[in-house]
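Novice: Residue strings, one per chain:
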Amino acid sequence: MGRIAGTDDLGVPVRVLIVDDNPGFRLRARRCLEAGAYEVVAEAADGASALEAARRHRPAVVLLDIKLPDTSGPSVAEWLAREPAPPAVVLTSTHDGADFGGRLLRCGARGFIPKAELSSERLSALLA
Amino acid sequence: MPTLLRTERMVARSLAETADPRDALAGALRAIGESLGWRFGAVWEPAVDRPEALRCVESWHADGIGAREFEATSRRTLLAAGEGVPGRVWSSGEPAWIPDVLADDNFPRAPAARRAGLRAAFCFPVRSAEGLLGVIEFFTGEARAPDAELLATMAALGDQIGQAVERRRDAEALRAKEARHRAMLAAALDCVVTMDHEGRVVDFNPAAERCFGYRASDVAGRDMAELIIPPLLRQRHRRGLARYLETKEAAVLDRRIEITGMRADGTLFPLELTITRVDIPGPATFAGYLRDITERKAAEAELRASRARIVEAADAARRQLERDLHDGAQQRLVELALDLRMARARLDGDPEQARELLDAALEDLAAATRELRELAHGIHPAALTEGGLRPALEALVARAHVPIRLVAVPQARFSAAVEATAYFSVAEGLTNAARHGGARHVEVEAAEGGDRLRVEVRDDGRGGANAAAGSGLRGLADRLAALDGDLEVISPPGGGTVLRAEIPCGS
Numbered sequence: 001m002g003r004i005a006g007t008d009d010l011g012v013p014v015r016v017l018i019v020d021d022n023p024g025f026r027l028r029a030r031r032c033l034e035a036g037a038y039e040v041v042a043e044a045a046d047g048a049s050a051l052e053a054a055r056r057h058r059p060a061v062v063l064l065d066i067k068l069p070d071t072s073g074p075s076v077a078e079w080l081a082r083e084p085a086p087p088a089v090v091l092t093s094t095h096d097g098a099d100f101g102g103r104l105l106r107c108g109a110r111g112f113i114p115k116a117e118l119s120s121e122r123l124s125a126l127l128a
Numbered sequence: 001m002p003t004l005l006r007t008e009r010m011v012a013r014s015l016a017e018t019a020d021p022r023d024a025l026a027g028a029l030r031a032i033g034e035s036l037g038w039r040f041g042a043v044w045e046p047a048v049d050r051p052e053a054l055r056c057v058e059s060w061h062a063d064g065i066g067a068r069e070f071e072a073t074s075r076r077t078l079l080a081a082g083e084g085v086p087g088r089v090w091s092s093g094e095p096a097w098i099p100d101v102l103a104d105d106n107f108p109r110a111p112a113a114r115r116a117g118l119r120a121a122f123c124f125p126v127r128s129a130e131g132l133l134g135v136i137e138f139f140t141g142e143a144r145a146p147d148a149e150l151l152a153t154m155a156a157l158g159d160q161i162g163q164a165v166e167r168r169r170d171a172e173a174l175r176a177k178e179a180r181h182r183a184m185l186a187a188a189l190d191c192v193v194t195m196d197h198e199g200r201v202v203d204f205n206p207a208a209e210r211c212f213g214y215r216a217s218d219v220a221g222r223d224m225a226e227l228i229i230p231p232l233l234r235q236r237h238r239r240g241l242a243r244y245l246e247t248k249e250a251a252v253l254d255r256r257i258e259i260t261g262m263r264a265d266g267t268l269f270p271l272e273l274t275i276t277r278v279d280i281p282g283p284a285t286f287a288g289y290l291r292d293i294t295e296r297k298a299a300e301a302e303l304r305a306s307r308a309r310i311v312e313a314a315d316a317a318r319r320q321l322e323r324d325l326h327d328g329a330q331q332r333l334v335e336l337a338l339d340l341r342m343a344r345a346r347l348d349g350d351p352e353q354a355r356e357l358l359d360a361a362l363e364d365l366a367a368a369t370r371e372l373r374e375l376a377h378g379i380h381p382a383a384l385t386e387g388g389l390r391p392a393l394e395a396l397v398a399r400a401h402v403p404i405r406l407v408a409v410p411q412a413r414f415s416a417a418v419e420a421t422a423y424f425s426v427a428e429g430l431t432n433a434a435r436h437g438g439a440r441h442v443e444v445e446a447a448e449g450g451d452r453l454r455v456e457v458r459d460d461g462r463g464g465a466n467a468a469a470g471s472g473l474r475g476l477a478d479r480l481a482a483l484d485g486d487l488e489v490i491s492p493p494g495g496g497t498v499l500r501a502e503i504p505c506g507s
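Residue numbers (this note's numbering), protein chains in the order written: chain A, 1 to 128; chain B, 1 to 507.
So that you can see chain B by itself, here it is in the shape it has in the complex (with noise of 0.2 Å):
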């Protein structure tokens, strides 16, 4: 077979064995050294970082021959347009042929080409249809004169090795962006949902596998509203997909909506969701970017119950204090009225009567004053607004019923919520412990650190205090809520109760 025919064969054979580009080339080279018998040859590319020079990228050598050294010099060159061999081509888009590269004067390796005993070269353009990749070069051991069939069949070589590169970059740059893609897919929070126009799973990355309690695996090429869409709400999804295949009009493109969806198993949960269509070219493929917001939307709830909850008991509570007059204080004040109307129609003719009227009268006037004052501490105690924490707890210790000892309480002021937080929550730990703990001995603390003001009733009782039943409890709770506080209740069955109510007080 005639050398040249053998060497396209050669080059085409290696080409067709690797899917890597640098491999591509590296094979290229080497077939065409060995079916030539020439001794050393190397592939130029334009450096990375200086683009516009030469750098030598590839290279190989005959077996048993010296070339080492010309090798790593070549390795090291960098060549400007123009520049040696290389250069020259690399300017002219031209193959060329130099019969003795140590008689020519533009060639800088020339030193180690002597040292190596190269003389004959040739160089040829790596061409793809982006343009010029780079170029190919060889040496030989022997000065030679121009052989233009073998510059003529290298030039086409060339091109078919620059094309064939060419596809292995584009597939390999391919890989790389799918394998960015996938990684994206893989880490990222929301459930994204791939699915083609007639409405199949095409990818399913693992957090909605997590969310929905399928495996990728098992749903690809499976219809997405059989899946992930409640029977309800399928026949809208289906035509909604149809109306926009058909007219392009997207009801849900683009926008956030809030949706039901299903998992694996069938139940039902809130899930935000955009819908994009995916551009490329080819029927319409949609990605969905899904979130479960279940706990979102019970955060919701339990914000607008505890908003709710707080206007209840603030209604409850002024109810309570307009029974509270009525029975009370006004109560006394118009048996006090009729009693002293009574004695002034008696003061002349009875005078005696007149007397024990005005008793009377006198006696309901301090019961109506008693009760005001109860009513007006149970609003907010006088001795809070004044004094702060301190005389205001021990008024309420002095007042209750159960010995109290109070542990600590720090003698600084805290804003007028912080202080009646903190105030009412004494109180309501220990009404829990008088009325239903049937507490013996109450210990009361209170005490700041790390901008927070800890406040704790413990007592002695019966235990089981639960602090979602009571309306009391309940109330504190949402009141703490409301100051970004908590409010932690251990109370085991017959193992007395620890209220602690922590709540911010920093600035």
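Bound-form chain A, shown alone (with noise of 0.2 Å):
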């Protein structure tokens, strides 16, 4: 039997930390991964809180808003991957991906996924 989506391989669920300065979206974004059995540890509505709850609650996942009131996600981005045992860390934006070009790879992040489509199985796929 393959492991279900938001659990490791050994069906345990993935730690998330949501960022994003919209508390709509985040209220809908943990109730979309939460359904899937990710485990939303924590939310932070700007990149210094997210940093700060990153070290805090170690998430393996975090789902980023490029646009954050005190900085851009991918800032936020590179200084997660300079953490040590950095999360995986996938994009989101109301806008297309198309529309941020190279800076969504350069920045180390994995992947990146419209807000319209957010889903965990959409997530999975991404970290699979």
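Read the hints as simulated data drawn from the structure, not as lab findings.
The beta-carbon is built from N, C-alpha and C at its ideal position, and this holds for glycine as well.
Check before you lean on any hint, since a few could be wrong.
Cross-link-like lysine to aspartate or glutamate pairs, in silico, EDC-like; alpha carbons within 20 Å at most [unchecked claim]:
| # | chain 1 | residue 1 | chain 2 | residue 2 |
| --- | --- | --- | --- | --- |
| 1 | A | Lys67 | B | Asp327 |
| 2 | A | Lys67 | B | Asp451 |
| 3 | A | Lys67 | A | Asp46 |
Partial chain A-side listing against chain B, Cβ under 8 Å, derived [unchecked claim]:
| # | residue |
| --- | --- |
| 4 | Arg28 |
| 5 | Ala48 |
| 6 | Ser49 |
| 7 | Leu118 |
With the hints as a guide, bring the two chains together.
Specialist: And the structure:
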């Protein structure tokens, strides 16, 4: 039997940090990821608190909005990449990923999912 | 003293006494007549209006003789070449002696001469380097045999008188030319400054006095560079002058150039300048024609700034639009998509939660629709495109949060640019009244007249609005300027605000 979405090889839920300044999106993202058996361990509304939450909660995955009030998603991704045991970063945005060009790959992110297309299946496919 | 010698001296003295060519002739005539004791003399010249005929232009007669009628007849008479005594001398160029004009068959004025008692006559040419100027004739009261010596003396005097008259006429023409030149310089709107080959000021016209702040009498003979060229540019000016004088190769002659000038008080200003070499013999003289272009430069700079502001405003509006879409409708649609996907996932397992999610999705959809409508209205109100200014302003007034009275709005349609500018003028006035002015009542009025559409927003708010400070009013002013319109904001502190826009709307 293959592993189900949101669990690791041992069947333990994958820990996720959601970073977005819009509470409406954070609520819905949490809802749809948790429905896929991911565990949302924390939410952050800006880059600084995202870094702090990542250090405290050690998530395996960070779902990161490209546009943040204090900095940009790719910058946060670069900070996270320099952490010990860095999490997998998945960028998201209202915009299409193509709008941002090569920056998405250069910052060390695992991939990009447009906000309207977010689902646990889509996230798992990207992480596999 | 012999009579002829005395005559020569009297003529010479009389010529020396006057600078006027006409007076010189009259004086010579009197000197000859009086010294010889003859009775009537006259000068004949080619008539101005009929150069092929001679006219009597000057006359003299001895006191107490009845020569008035003969004088008047002479003044009236026009003589062709060869006709009468003057005509004969004019044709031959030689002096002539008529012992008795009454016995002469070529003398049209004979009846008048008989009544005046004039008999013998002599006549001689008045000549200058240019040629024959005219002739002088004299009459006496009795017939007289030719006097060769007198005639020879008169021929010599004719040359002397001619040269004297010619010199005086040249001087007079030169004075007239100079007077015209001065009048032109005085009336010129441009500064005219002439300088000699050493760079010293020769002429400094009134426009230059006004522009540079010097009096012409104070600057004549002074180094022009020291007066009107800023210190940093003087070396270049002097090198240019020296190079021209040495090589005759001019870098700046007869070209329009823009440089910086300096006024008497040391202030600098932009000017345009053309320098020409004045075409007279001798050392080089240069004339500079200069114009203060401070105002033109300021207008050009303002035009550039205004264009840049229009472009910036358009960019800013696009950025704002992107932000509004991203933060508003796009956000709602993302949430809608996530809610719908979640609802579908729950449809079988948890219909109750699916229903809640669908309700939330419907709310998101309604909010997104509302936001898009607001946004579209802000970009360009549909009512303006479809119905013109009146329905658009009615809609704008209906949506406002302060009581607004629409006093009058023309029903007529105008060009899209005029309607949009009028609409946004009102919108800006209302925004100002509500947001910054704390107004309780606002009146909006639009009227067309004299090919202009006037739009006015009056409020009873705090006043103190500054058209130059706010980006909204500045953008509106630029927009109006682009259409050749005007924006006026009257906003005394505490006295409410009147925003008045005038837009040309003629064809």
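Novice: Tell me the hint numbers this structure goes against, listed in increasing order.
Specialist: Going through the list in order, the structure violates hints 2, 5, 6 and respects the others.
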